[in-house]
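Read off the chains here:
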Amino acid sequence: AGKSVLEEILGANTIKVSTDANYAPQSFLNDKGELEGFDISVAKEVAKRLGVKVKFITPDWDLITAGKWGKRWDVSIGSMTPTAERKNALLFTLPYYSSPAQFAIHKANTTIKTLADLTGKTIGVATETTNERYLQKNLEIEDVKIVYQDWKPGKIKTYPTDANHIEDLSLGDGARLDAIFTSRQTLAEAIRSGCGKGCPVKMLGDPTYYEPLSFALDKSRPNSQTLVDKLNKILKSMYDDGTLVKLSEKFYHTNLIPKL
Amino acid sequence: MENTTTDQQTPIILSRIPPEAEATLHGIEVKKTRYRRNLIIAFAVLITLMVATLIIIGLDFKFMIKWVPFILTGIGYTLLVSFLAISLACFLSVAGALGRLSLNPVLNSIATSYVSLVRGTPLLVQVYMWYIALPQIGKSLEDLGITGVQALFTLPAIPAGILALGVCYGAYMTETVRAGIQSIKIGQIEAAKALGMTNSQAMRRIIFPQAVRVIIPPVSNEFIAMIKDSSLVSLMGVWELSFRAIKIGRRHFQSLEMLIMVAMIYWVMCFILQLVQEKIETHMARGDRGTS
Amino acid sequence: MENTTTDQQTPIILSRIPPEAEATLHGIEVKKTRYRRNLIIAFAVLITLMVATLIIIGLDFKFMIKWVPFILTGIGYTLLVSFLAISLACFLSVAGALGRLSLNPVLNSIATSYVSLVRGTPLLVQVYMWYIALPQIGKSLEDLGITGVQALFTLPAIPAGILALGVCYGAYMTETVRAGIQSIKIGQIEAAKALGMTNSQAMRRIIFPQAVRVIIPPVSNEFIAMIKDSSLVSLMGVWELSFRAIKIGRRHFQSLEMLIMVAMIYWVMCFILQLVQEKIETHMARGDRGTS
Amino acid sequence: MMENSNPMIKITNVHKVFNKKLHVLCGIDLEVNSGETIVILGPSGSGKSTLLRCINLLEEPTAGSIEVDGTIIHAGENSKQRDAQILDIRKKTGMCFQSFNLFPHMTVLENIIEGPVTVLKQQKNEAIPYAEELLDWVGLTEKRDEHPSRLSGGQQQRVAIARSLAMKPAVMLFDEPTSALDPELIGEVVDVMERLAKEGMTIIAVTHEMHFARDVADRVLIMEQGVWLEEGTPEQIFSHPKHQRTRQFLTHILQ
Amino acid sequence: MMENSNPMIKITNVHKVFNKKLHVLCGIDLEVNSGETIVILGPSGSGKSTLLRCINLLEEPTAGSIEVDGTIIHAGENSKQRDAQILDIRKKTGMCFQSFNLFPHMTVLENIIEGPVTVLKQQKNEAIPYAEELLDWVGLTEKRDEHPSRLSGGQQQRVAIARSLAMKPAVMLFDEPTSALDPELIGEVVDVMERLAKEGMTIIAVTHEMHFARDVADRVLIMEQGVWLEEGTPEQIFSHPKHQRTRQFLTHILQ
Ligand SMILES: Nc1ncnc2c1ncn2[C@@H]1O[C@H](COP(=O)(O)OP(=O)(O)OP(=O)(O)O)[C@@H](O)[C@H]1O
Ligand SMILES: Nc1ncnc2c1ncn2[C@@H]1O[C@H](COP(=O)(O)OP(=O)(O)OP(=O)(O)O)[C@@H](O)[C@H]1O
Ligand SMILES: [Mg+2]
Ligand SMILES: [Mg+2]
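Residue numbers (this note's numbering), protein chains in the order written: chain A, 101 to 360; chain B, 29 to 320; chain C, 29 to 320; chain D, -10 to 244; chain E, -10 to 244.
Calculated directly from the structure, the hints in this document are not laboratory data. Even glycine gets a Cβ: it sits at the ideal position worked out from N, Cα and C. Take the hints with a grain of salt, since some may be wrong.
Here are the computed distance ranges between Cβ atoms for each label pair [what the hints assert, rightly or not]:
#: 1; chain 1: A; residue 1: Glu134; chain 2: C; residue 2: Asn66; range: 47 to 55 Å
#: 2; chain 1: C; residue 1: Gly176; chain 2: B; residue 2: Val240; range: 50 to 58 Å
#: 3; chain 1: B; residue 1: Gln302; chain 2: C; residue 2: Ile174; range: 34 to 42 Å
#: 4; chain 1: B; residue 1: Arg65; chain 2: C; residue 2: Gly176; range: 37 to 45 Å
#: 5; chain 1: D; residue 1: Asp125; chain 2: E; residue 2: Ser168; range: 45 to 53 Å
#: 6; chain 1: C; residue 1: Gly176; chain 2: A; residue 2: Asn323; range: 38 to 46 Å
#: 7; chain 1: B; residue 1: Ile244; chain 2: A; residue 2: Asp131; range: 24 to 32 Å
#: 8; chain 1: C; residue 1: Gly55; chain 2: B; residue 2: Leu107; range: 49 to 57 Å
#: 9; chain 1: A; residue 1: Ala216; chain 2: C; residue 2: Val79; range: 40 to 48 Å
#: 10; chain 1: B; residue 1: Leu107; chain 2: A; residue 2: Glu240; range: 30 to 38 Å
#: 11; chain 1: C; residue 1: Asp171; chain 2: A; residue 2: Glu240; range: 31 to 39 Å
Chain A on its own, in the form it takes in the complex:
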């Protein structure tokens, strides 16, 4: 019973990684119907450096957030932001990349030119993301300084996931939404390959903040710290030899890896 999580993984020669395959280009089904994405590649690389096989489990995001993972999976590699609330339930590794938060509007819109023009507009956002907390001026991330906007949106419309509000904005300018707020790489993917021939949305202004993203482990599972340490060590080596940067360029077409 006293075995550490790391020992259990090495003993089983497999690390079980949970990932929500709903988010391109972090984690998604590719044209062959296989799992692909930045998170997937990172996880595979981590397993390789641990010297074990990787097994992906693809539960819904709400099952991941249920906590109490027990031994269902050892680690979540799913672009998770270490917010203050989450730290009550989860252990986080060092960040493995950081994500810019970005507003976007419909392609056909000509009146909104700056972020300040969003005053009084209806903005779509996915529920319980840092983006929503940011709009509510209620976001806390350790070691990150958040600068809130000095204008106020009219109505914040919350959606279960990002894909919903992007599709809703694509219905037409102002049909249900005037703007949306999500991560820049999701938007880029939507514009590049979404909605058949590219979703009719365009980015607005600069990223408002950058959020760090980490692996997460279940705090309630005893003897997890050695695994966290081990993962941190592996992450450092991936920083050092440029693996992360390479993967970032491959999937995001830009370098989102911060300097340690």
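Following the hints, position chains B, C, D and E with the ligands against chain A.
Positioned in the frame of chain A, the structure of chains B, C, D and E with the ligands alone reads:
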């Protein structure tokens, strides 16, 4: 035995219950009371076991209690959506049942397709159709030159949810209503016809009032089911019970707690509705026996 | 009129159908054929309208067709889960119904609580309980010294899904089975008892075989409903129909296309199952009339 | 037997074929004069009920014609007023069923005024006095506000008769009105039927009540296999049946 | 009347109270000797069915005792073998219901062997020859493999009798076995009952068939309001009833 009672001139008066019989009757009563007591004990044990399980799982009760008020605020939406949707469903199911029983090929095929399509596809998909596909139809019509349609077809979340649930349950209830109508004995219809009633008079005056009694129990079951299914409108961002529970659960990575809590809220709601339903049914049953 | 037939010595032989009657009968036939034709036309028009709607929405059919094979691969899981779950549900519902009808307070209260709890809480929550809460119970038991329980209770997604669906549907079907048993006329039970059968003999030999015929139609409805509800196991990462459709839809921001496609797949499945159900029902109805 | 130029009911060569094959009525003729009481007897399945149901068009005859009080319907015809004519005949004919078929969701009084109010469009307060009169006539005044389920079979059948009479029909049809009743309750219903016959109602009754057939009927007809086997006055039929089969059948019925 | 030291059925002071209040049987005594045929008459609701159902314990008497062929049950007693005793009495008594209650999911033959196979644990091939003999005896050999729904009421009732007889009962109870039948079908059932009586079966029958009561019964009892109003030979009861009420009741029944 020959003289047991033949000398009794007024056998119409009920003889008094003899002592031996009293004893047996008392024995039956005692058994009934004991059974009821045991039943209560059994339930108490079961509830204790359930609570024990919840504690064993290691639920964070403090966390749950803290968020109860926030989540309960969503009950209004849940009830609003369910109530309006079931009203719509009642209307559609009566129309649908008449269509299914109709000899007019157009009405009949519309009703049949409605039932088949709606019952054959997941409710989730129907919610998306009302929320996302309908505006697209509006847009296409607008492109064809009919102005103002898109705005009309771009329903807000709550109306879209009510339509989705109402239309879906209407299809299921169509079959219930149809079965209810068909359960009325043919003799009733013949008696109505023999009086010279037209088909529609017979339907309105004789068949439907009787069918309603058959239909009410399954329909109230549907309503109870709908209370739970109404959580689907959370997909469209309506802040009803489930939406709030899931939101808080996600934030704190304690979805299990929140879901169990919201399940208990649903359960209490269903329980109350079931009591109401039983009241209605016994009330109706009383009417049946004619003591009004 | 007095001599119409009194001179006819053998009225037992059926007289031939007279020409006027032939004409009327022919008229009825013609009407029926015309009605059937009109019905087919009406359906054709409706289907055309529906397809037109789908085209108007501007669906990306190429995209849909491209992904059909990938999504259809999930049908195996859907059927596997549904089939095993309905089998479990049948078993549980028979046990549940016997419990509900039992005079044993323990069995009765267990069955009653089972039905009330399961029917009163959303299926989604039940899925969570089997997937997340059960391992926790295992863990607590392990802490109490019973080794190996946690691994046992940490069910893989598919067994957890089958349990969740089977237990849930079992509760709903309990009421169906109970109603079916209670629908058997009291005279049947009395006849069985009068022969000297015990309660359990009467149940096995007389009541249950008759109840099964009443129960089969609603149970096959439940099976059809379960096909759709089985999509809930996608939550746990089982790559069945919906999982595949949703993931592909999200990835390409074309959820609507994928949902419509998966809806059509479900609809075809349900349609086929309904045909099978009708076959079974007419087959059983034939048995009823005793032509075996 | 009387030939009448203007009978109340005139059935001419009526055939009824079920399911394209089952030939239940094979060319039935029947004339009934106003005020006449006819009893039809015959073995089970011979087509008695089917004939009654053809008269008020609960079944459409396959061939032949039905005339009730001047309104005539030909089988297989598809005219525009046909539906109205059918309703017209039904308004003119009252029918009592073996199983009473009272409306269970209405009180006794509501059952009786249902026809006048819904079909004849009378006001409720117009319809009620006559309904009460009828209730009194069948001896059930005190059951006015009961629901049918609280009545005995005999009482239910009497209410059913009152319900038919409320439409002021020209003809009353009875289809085994007493065969679902306990022996002791039969009398009260036969009594009502007898009074109805005495008051001059035109009646066609299918019934095994020998008292009614023998003492009240003007004519008795025996049906077998969808044709008339024999007809005559009760005296002729019961005392001097012409046919061997009639005799067989009657001994069956009279034990 | 005969006193017998060892009667087949002995009912002593049986009371039956429904719902704590409705006193349906008020101290009934009855002894029936082996081979005797008893007919019970009485108005509707007087408790005739309840008495029959008490004899084979389909209803538990509230007070008194029931003895059938040596097995005795006292009301309200809670002994261990009670359930076994009840089954024992039921095996010894055959019962025919007004509504036949054949098992619709079984063929005629399966209906008849159901009791011997399930209750008496006979092998099927042991039970079949006797079942076929019984079928022949009730005259339905050719219906062996039909389902009950394909039989007429009279045929169904005869199968029901055969089904009871297959258990080789000591007593047969009939509860208005012919009152759901068309008049022409009554004869065939009464005929079977009569042969059964002739062959020495002990019979208690509630029936309004006067022929059976008059010519076959050894004794006739009249019940009213849960007590015996009168009893005697058919001759005594039908020709010289002692009671005014008996006379009233009989005139009712005999029209
Ligand atoms: N709607 C129907 N469809 C098919 N066959 C029918 C229908 N109604 C009656 N029949 C058949 O017609 C025949 C005559 O039936 P009908 O009810 O007229 O007989 P009946 O003389 O009234 O007999 P009973 O004395 O049993 O009431 C029977 O064989 C019956 O099965
Ligand atoms: N299970 C029961 N619960 C309550 N009351 C009952 C029950 N069975 C019978 N009764 C009542 O007992 C009385 C006698 O009924 P029973 O059936 O014995 O009469 P009966 O003499 O057989 O009449 P019938 O000739 O109508 O069959 C009736 O008032 C009836 O309503
Ligand atoms: Mg008839
Ligand atoms: Mg009785």
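- prompt: In ascending order, which of the hints set out earlier in this document are inconsistent with the structure?
  reply: 5, 6, 7
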